[in-house]
Amino acid sequence: MIMFTSYDFCAGMDISHDQGNLLNRLNPGQDNLTFVFIKASGGHTIQDRNFNANWRLAQEKGLLRGPYHFFYTGDTAAQQMENFTSMIKTLESNDLPPVLDIEERSFDTENSVVGFQRQILELLERMQAHFNRTPIIYTNLDVGRRYLDAEQFANYPLWIADPRTRSFPPVPPAWSHTGWKFWQYGTRNIAGIRTDVDYFPGTRSELIEFIANSYTRRPDFVV
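Residue numbering for the sequence shown follows numbering that gives the first Met the number 0, starting at 0 and increasing by one per position.
These aren't lab readings, by the way, just hints derived from the structure by calculation. Glycine included, C-beta positions come from ideal geometry on N, C-alpha and C. One should not assume that every hint holds.
[As the list claims (entries may be wrong)] Across the chosen pairs, the derived CB separations fall in these ranges: (1) R163 with N188: 15 to 21 Å; (2) S85 with G114: 21 to 27 Å; (3) N20 with H176: 38 to 44 Å.
[To be verified] In silico DSS-like pairs for lysine-lysine, Cα to Cα no more than 30 Å straight-line: (4) K88 with K180; (5) K180 with K60; (6) K60 with K88.
With these hints in hand, go ahead and build the complete structure from the sequences.
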């Protein structure tokens, strides 16, 4: 059993087409869920066929929602940004920041670590400029240690994947001083479908405050 200490946690989940019609069947109150990250795209050409429906249903269900893009080194940052924004052009004031998903399968070409880092940082900068939000990085400890060891990555909130039984997950060295903002801690059945589940270390109002603080330029509206 995972034990927590002094934090109040918001529970959430992350989904793609693999979860099918989960959101149609979901009762967020019954499942004690506050937020959901939804796959929009990957690389240059991959587009999640359920994204538009999931994006709409998340709002209808009262969930705070955020889109994510799966990174591939084989496609340029410009190509991947074009694909991502073809799926999600704008974010509403109470949407979570965009996420760049970086995993072992992201690195499918021969390149130097420095080359990978430049490509990742370029895509993060493009996301930030387009959405006026500081993007979130999703990764795990091993990938973070091997590929994301530059101090610039600590400028982006960390969503750490660590499906283990422990009080808190370890973080890659780049985030040793800032820590994690979201934690994918495992899977469970939600509405009868096996789904990745996540925590935010705070209340719903603190999560909304995090959203407000993600703007890189002051918006004309208040969350």
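Need the status of pair K60, K88: alpha-carbon distance at most 30 Å? holds, 21 Å
Against the 30 Å threshold, does the CA-CA distance of K88 and K180 hold or violate the hint? Within the cut-off at roughly 24 Å; holds.
Given a hinted range of 15 to 21 Å, is it respected by the beta-carbon distance of R163 and N188? holds, 19 Å
Outcome for the supplied range 21 to 27 Å, where the beta carbon pair is S85 and G114: With a Cβ separation near 26 Å, S85 and G114 satisfy 21 to 27 Å, so the hint holds.
Supplied distance hint 38 to 44 Å, evaluated on CB atoms of N20 and H176: holds, 42 Å
Within a Cα-Cα threshold of 30 Å, do K180 and K60 meet the stated pairing? Given that 30 Å is the threshold and the Cα spacing comes to 23 Å, the pair holds.
Checked against the numbered hints given earlier, the structure satisfies every one of them.
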